[in-house]
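Asker: Put chain C on the given structure of chain U with help from the hints.
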Amino acid sequence: MRNLVASIAAIVVITAFFGFAYPAAMTGFASVTFSNKANGSLIVRNGTVVGSKLAAQAFTSPTYFHERPSGTSPAYNAGATTFLNYGPTSSDLAKLVAQNAQAILKLEGPYNPGLTIHDIPVDAVTTSASGIDPDISPAYAALQARRVAAVRHLPLATVQKLIKENTDGRSLGFFGEPGVNVLELNLALDKLGGK
Amino acid sequence: MSAQGIGQILVYVVVLIALGYPLGIYMARVYNDDDFARRGRLRWLGAIERGFFRTLRVDGAREQDWKSYGKVTLIFSAIFSLFLYGMLRLQGHLFLNPDHLPAVPAHIALNTTASFITNTNWQYYGGEYTMSYLSQMAGLAVQNFVSAAVGMAVLAAVVRGIARRSRNEIGNFWRDLYRSLVYVLLPLAVILGVLLVSQGVVQTFHSHATATTLQGAHQTIARGPAASQISIKQLGTNGGGYYNSNSAVPFENSNGISNFFEMLALLLIPAGQVFMFGKMVGARRHGWMVFAAMLAVFAIGVAVNLPAEQHGSQVLRNSGVNITQGNGQSGGNMADKEVRFGQAASTNWTVATSDASNGSVNSGFDAQTPAGGAVPLVNLFLGEVIFGGVGSGLYGMFFYIIIAVFIAGLMVGRTPEWLGKKIEAREIKLAALGALFVPTMVLTMTAVAIVTKSGVASIYNHGVHGFTETLYAYDSQSNNNGSAFAGYGATSFSASFGTVALYLGRFVPLLAALALGGSLAKKKIVPASAGTFRTDGPTFVVLLVGVIALTAGLMILPALTLGPIVEGLMH
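Each protein sequence line maps, in turn, to chains U and C. Anchor point for the first sequence: position 86 equals 86 in this note's numbering, and the numbering is continuous, going up by one each time. Anchor point for the second sequence: position 416 equals 416 in this note's numbering, and the numbering is continuous, going up by one each time.
Careful: at least some of the hints might be erroneous.
To be verified - Ranges of calculated distance between the beta carbons of each label pair, as one might list FRET restraints:
(1) U:114 to C:569: 33 to 39 Å
(2) U:63 to C:462: 39 to 45 Å
(3) C:46 to U:165: 27 to 33 Å
(4) U:17 to C:422: 18 to 24 Å
(5) C:324 to U:105: 31 to 37 Å
Unchecked claim - Calculated Cβ distances over 12 Å to all of chain U for the following chain C residues:
(6) 32
(7) 33
(8) 34
(9) 105
(10) 283
(11) 407
(12) 529
Because the hints were derived from the structure by calculation, they are not lab data. Ideal Cβ placement from N, Cα and C applies to all residues, glycine included.
Next up, chain U with everything else stripped away, as it sits in the complex (with noise of 0.2 Å):
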């Protein structure tokens, strides 16, 4: 009985304490010192949110770079993320990645005399484990420069300058694998105009 009423008791003190006290505390703190990061990183252009920097939207239009495939439903849905789950030997898997390798040689290939297969990067045709990766590789990004280019009517030179300036590298130079950030890329690109 008195180690019912303590625990009842506990429970009281550590829920206020670690259940509101502590979230708004630092939710308090965020607001003030990284408002944007915490509010998801946000992106606005001509004062409508257009996405954010770290989730990938669907491109499907050739003037734009496009994302990784996504597992969610519908596709980048930041709203409800998932892996796909499709195991390493499924034949699943393997219709997946050749029908999305297809896409791509077609999109791609008349922009790139001599694209085979071999030249397509894997993350460009596996899915990622959030649904909305918003980077792309950047030799996925290096595929699709001469599409975008083209479409554009740019020199190749300055959408792979672009690609450049909007590759975030390993943090600090150490951690993780450098990406592209697709919707900070075509944002860039969409303001150079040219469409």
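Answerer: Below, chain C without anything else, positioned relative to chain U:
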């Protein structure tokens, strides 16, 4: 696999030791020093502590024997279970629910409650579309602190039992709980939380954001008070993500730095506790040897997983796409992995989280290669003693240590001793119970789930991989890890069956450990003699790793043959 990638993992180990050691020495003081924060400039902290005991109407200074300690642990956990279950079921009618989410379905709420009370965080739901901000923050995140603190408290009591002689008492539950929460978990969680927000992890009470994409579509972006919860889910070896895809989601783990610190937090306290143990029992060299054994198993995990994932799956190799590392890509098996982490950081996380009983992920395990995915599967089965859960990992390791010194004793024909205590029949029985109960349960439950219709209904990938999913599900829940081959689905059968696995997997070893501590506390110290097996040298490390491999490793081998090994051979 590149030198750069291996370098990242080596730096990780070095930083882990550099921070874990001082933390361990600090924790030894927190649990051993009656006057901690009672004098000097930190007196006000001690006053708050006494206020907490007054509110609870308990005497924090009065020590308990192992039975009373265990009893209050069980009662506290049971009442908190009822409270959490109620909150999940009623969230639709409660406040802090800006996205108007309905009540969590009964079987999911039951499993989730068990999952968070037992420091597991197995998730049969997607956080961002199932749980209200209230449930996440005041329900689940509170358990991230509390379940971790319960494990830490029990460990402190067991270690005291090992260190003491001719005593009945092993500590006071409320005091150990309070000190774990306030002097260890809270400061670390605040530091990590601030660091994560600075890197882009969200922390807000605003509801989801809506964006109009560059191509004119609408995109919903789920947000919430995530950073404060993520910091503790990593530190407390909980692992339950704010988002469904856990720390693979950029809002939960934004870049290489946030990833490094989340991984560091994953093993920090369990690693520190090994040094704390060495200090509290006055055998620091022995502590280092236990640490060395853990590190060896960690290294084996990395050495298997990284090459396997970098080599890629058969499907990807046959497809013809370029999976070679270099020229602007990390390459390898990128299915269900993130570009900003690549292979090395994904492997590091996979091994750490499955060693640590954490269960958070930064890539999808279901999509890992057969050999790569076998690493977390085996790590789990070892009983989460390689670093393991906060508290529970090391007290689980004690079972294996006792079996190891017992076997060494048999070899030389002497009564086994450990840290000056004679190991007798009672201790051996408790250690055997603690070490073998959970693996036996995993195999039994997997067998039942695989031969019944209701069990098979949860499987997502067909064939052999479906068996692996099932095995992993009960492995993960029984060992209180919480990571998943996430295709495995929630049915009322799998959720309820899992609930049993969760509670038994937590509390049977916990009580066995407390009983062991109580039993050792009563013993006298026998002076070491020439025939005493030394537990502070490399021979002990080899023996310990061998015992773990023999007891748990051999038990899972047949099941492993039916799952990943067949899958690897078939393709």
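Asker: Run every hint past the structure and note whether it holds.
Answerer: Checked hints:
1. Taking the beta carbon of each, residue 114 of chain U and residue 569 of chain C are about 38 Å apart, inside 33 to 39 Å as hinted.
2. With their beta carbons about 41 Å apart, residue 63 of chain U and residue 462 of chain C fall inside the hinted range of 39 to 45 Å.
3. Between residue 46 of chain C and residue 165 of chain U, the C-beta spacing of about 55 Å breaks the proposed range 27 to 33 Å.
4. Range check, residue 17 of chain U to residue 422 of chain C: Cβ separation about 44 Å, and the 18 to 24 Å hint is violated.
5. Look at residue 324 of chain C against residue 105 of chain U: about 19 Å separates their beta carbons, and that is not inside 31 to 37 Å.
6. For residue 32 of chain C, the condition that its CB be more than 12 Å from all CB atoms of chain U holds, with the nearest at approximately 23 Å.
7. With 12 Å as the threshold on Cβ separation, the claim that residue 33 of chain C sits away from chain U holds: the shortest Cβ distance comes to roughly 23 Å.
8. No Cβ of chain U approaches the Cβ of residue 34 of chain C within 12 Å, the least distance being about 20 Å, so the stated non-interface status holds.
9. Listed as outside the interface, residue 105 of chain C is consistent with that label: its C-beta sits roughly 17 Å from the nearest C-beta of chain U, beyond the 12 Å cut-off.
10. Once the 12 Å rule is applied to beta carbons, residue 283 of chain C is consistent with being away from chain U; the minimum gap is 34 Å.
11. Against chain U, the non-interface label of residue 407 of chain C holds: every CB pair exceeds 12 Å, the least being about 38 Å.
12. For residue 529 of chain C, the condition that its CB be more than 12 Å from all CB atoms of chain U holds, with the nearest at approximately 44 Å.
Violated hints, in rising order: 3, 4, 5; the structure is consistent with all others.
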